[in-house]
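Residues 1 to 406 (full-length UniProt numbering) make up the sequence shown, in order.
A couple of the hints might just be wrong.
[Said to hold, decoys possible] Using 25 Å as the maximum straight-line C-alpha spacing, the simulated DSS-like pairs for lysine-lysine come out as follows:
(1) K301 with K250
(2) K298 with K276
(3) K142 with K66
(4) K294 with K30
(5) K294 with K322
(6) K294 with K250
(7) K30 with K298
(8) K222 with K294
(9) K318 with K276
(10) K276 with K250
(11) K250 with K239
(12) K239 with K222
(13) K239 with K294
(14) K276 with K301
(15) K30 with K301
(16) K30 with K276
(17) K322 with K404
[Said to hold, decoys possible] Label-pair ranges, simulated between beta-carbon atoms:
(18) N144 with T33: 49 to 55 Å
(19) K318 with K353: 29 to 35 Å
(20) E37 with Y9: 34 to 40 Å
(21) K318 with S394: 30 to 36 Å
(22) N382 with E220: 47 to 53 Å
(23) N326 with K239: 40 to 46 Å
(24) A352 with F147: 57 to 63 Å
(25) D364 with K93: 48 to 54 Å
(26) K250 with E10: 17 to 23 Å
Derived by calculation from the structure, the hints in this document are not laboratory data.
Remember, predicted model here, so these are calculated numbers, not experimental data.
Backbone N, C-alpha and C define an ideal beta-carbon position, used for all residues, glycine too.
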Amino acid sequence: MDSEAIPSYEDILSAKAYLEGRINRTPLIKSTTFGNEYGSEMYFKLENFQKTGSFKSRGALFKFSKLSEDDRRRGVLTASAGNHAQGVAYAAKVNGINAKIVMPEYTIPQKVNAVAGYGAEVILHGFDYDEAHRYADDLARKENRVFIEAFNDRWVISGQGTIGLEIMEDRPDIDTIIVPVGGGGLISGIALAAKHHNPHVRIIGIESELSDSMKASLREGKIVAHTSGVSICDGISVKYPGDLTFNIAKDYVDDIVTVTEESVSKAIYRLFERMKIVAEPSGAVGLAAIMEGKVDVKGRKVAIVVSGGNINPLLMSKIIYKELENLGQLVRIECIIPDRPGNLYRIAEAIAKNGGNIYHAEVDNLRKETPPGFQSVIFSVNVRGQDHLDRILSTLREMGYIFKVT
Numbered sequence: 001m002d003s004e005a006i007p008s009y010e011d012i013l014s015a016k017a018y019l020e021g022r023i024n025r026t027p028l029i030k031s032t033t034f035g036n037e038y039g040s041e042m043y044f045k046l047e048n049f050q051k052t053g054s055f056k057s058r059g060a061l062f063k064f065s066k067l068s069e070d071d072r073r074r075g076v077l078t079a080s081a082g083n084h085a086q087g088v089a090y091a092a093k094v095n096g097i098n099a100k101i102v103m104p105e106y107t108i109p110q111k112v113n114a115v116a117g118y119g120a121e122v123i124l125h126g127f128d129y130d131e132a133h134r135y136a137d138d139l140a141r142k143e144n145r146v147f148i149e150a151f152n153d154r155w156v157i158s159g160q161g162t163i164g165l166e167i168m169e170d171r172p173d174i175d176t177i178i179v180p181v182g183g184g185g186l187i188s189g190i191a192l193a194a195k196h197h198n199p200h201v202r203i204i205g206i207e208s209e210l211s212d213s214m215k216a217s218l219r220e221g222k223i224v225a226h227t228s229g230v231s232i233c234d235g236i237s238v239k240y241p242g243d244l245t246f247n248i249a250k251d252y253v254d255d256i257v258t259v260t261e262e263s264v265s266k267a268i269y270r271l272f273e274r275m276k277i278v279a280e281p282s283g284a285v286g287l288a289a290i291m292e293g294k295v296d297v298k299g300r301k302v303a304i305v306v307s308g309g310n311i312n313p314l315l316m317s318k319i320i321y322k323e324l325e326n327l328g329q330l331v332r333i334e335c336i337i338p339d340r341p342g343n344l345y346r347i348a349e350a351i352a353k354n355g356g357n358i359y360h361a362e363v364d365n366l367r368k369e370t371p372p373g374f375q376s377v378i379f380s381v382n383v384r385g386q387d388h389l390d391r392i393l394s395t396l397r398e399m400g401y402i403f404k405v406t
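Please build the complete structure, drawing on both the sequences and the hints.
Encoded structure:
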């Protein structure tokens with residue numbers, strides 16, 4: 001069967017039947033908080049609860065179901081920066097098929113270990129996804145392996161399209177679906193499925209402003225490369241959309257907008273803080289677009305696809321730290337105090353008695369602005385807001401300490 005043909009609605013129904021019991025039917029959760037904030041009825045489709053932590057296992061498993069016995073004996077090979085790699089590795093494991101995965105050299109250890117944990121052989125090669133893809137394509141030919149495309153494949157798109165079916169089955173009155181866009185496999189499948197149920201449903205794609213090749217391609221009327229930097233949204237940082245996905249998007253996607261890195265970070269934090277949802281950067285772009293005002297959702301019934309939750313824990317901690325600083329809830333208080341026993345304790349006690357929670361403390365006696373006989377102390381303090389901070393600073397001022405807030 002032709003994997004290069006545009007999938008049909010029947011293909012997506014076939015994928016749904018095959019995947020039943022093999023994947024998680026992920027929840028579509030209503031958010032009263034965000035709905036009230038933006039004047040809409042807002043739902044989140046949580047693919048971070050999917051097997052392997054993202055939607056990719058849907059397409060990979062359905063693709064594997066189309067492999068011949070000869071294909072299975074030859075083994076498979078693919079390239080991915082993370083989620084597709086895990087999806088293919090998982091599908092290979094449950095099908096008993098040998099798999100090699102080429103990942104860019106910068107891939108974080110957690111993702112590499114996750115792929116290897118499913119039994120696949122990981123090869124680190126190339127600066128980015130496109131370099132890894134070229135190497136993997138050559139290697140597949142040399143070793144006579146089946147190459148598993150990340151997005152530009154009939155069966156992969158059909159598998160991803162089951163998300164659209166689930167959304168429309170759970171909430172037939174949804175009028176807008178917001179979807180992350182990289183190579184376009186996810187939005188293509190969702191658009192095909194959702195538009196079959198309701199031709200008037202809006203399908204809105206979201207890309208990083210640093211990697212918006214689908215938006216640029218649709219604008220130019222042909223496939224073009226368009227990247228302008230390294231984005232934290234590595235899961236959707238693709239230089240070119242596929243020809244299948246481009247043609248589907250041209251006919252079925254209503255609009256594509258871009259978001260900033262800053263708004264993605266804020267969206268990750270807000271999903272975590274308000275809904276206790278851990279979203280990777282690519283999975284948070286839908287909410288980011290609404291926060292930026294790029295998608296008008298007022299008065300609408302909206303489904304936002306959170307495509308995955310495979311975020312680097314170190315990146316997550318940096319985002320939380322930064323957003324707490326932006327909200328004025330995490331501040332740095334730098335003090336120069338006499339270098340005598342008990343002074344450090346007295347400052348810490350004063351902060352604590354005023355309800356401040358010291359997150360981190362650092363003593364630096366080597367700073368050039370610190371006079372002899374004194375020491376510099378930097379406290380990172382969790383506060384409730386400006387009034388709370390002012391009370392702490394007033395106490396330190398009364399105690400005679402010199403300080404500044406950064």
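The hints, checked one at a time:
1. K301 with K250: holds (24 Å)
2. K298 with K276: holds (24 Å)
3. K142 with K66: holds (22 Å)
4. K294 with K30: holds (21 Å)
5. K294 with K322: Holds, because 23 Å separates the two Cα atoms, which is no more than 25 Å.
6. K294 with K250: holds (20 Å)
7. K30 with K298: holds (15 Å)
8. K222 with K294: This hinted pair holds, its Cα atoms lying about 24 Å apart.
9. K318 with K276: Answer holds: K318 to K276 is near 17 Å, not above 25 Å.
10. K276 with K250: Roughly 35 Å separates the two Cα atoms, so the pair is violated.
11. K250 with K239: Measuring from Cα to Cα gives roughly 18 Å; hence the hint holds.
12. K239 with K222: holds (13 Å)
13. K239 with K294: Distance of about 22 Å is within 25 Å: holds.
14. K276 with K301: holds (22 Å)
15. K30 with K301: holds (10 Å)
16. K30 with K276: Since the Cα atoms of K30 and K276 sit roughly 13 Å apart, the hinted pair holds (cutoff 25 Å).
17. K322 with K404: holds (19 Å)
18. N144 with T33: 49 to 55 Å: Roughly 53 Å apart at Cβ, these two residues keep to the hinted range, so it holds.
19. K318 with K353: 29 to 35 Å: holds (30 Å)
20. E37 with Y9: 34 to 40 Å: holds (35 Å)
21. K318 with S394: 30 to 36 Å: holds (31 Å)
22. N382 with E220: 47 to 53 Å: holds (48 Å)
23. N326 with K239: 40 to 46 Å: violated (32 Å)
24. A352 with F147: 57 to 63 Å: Hint holds: Cβ distance 59 Å, inside 57 to 63 Å.
25. D364 with K93: 48 to 54 Å: Given range 48 to 54 Å: holds, Cβ gap about 50 Å.
26. K250 with E10: 17 to 23 Å: Between K250 and E10, where Cβ atoms are some 21 Å apart, the hint holds.
Taken one by one, the earlier hints fail for this structure at numbers 10 and 23, listed in ascending order.
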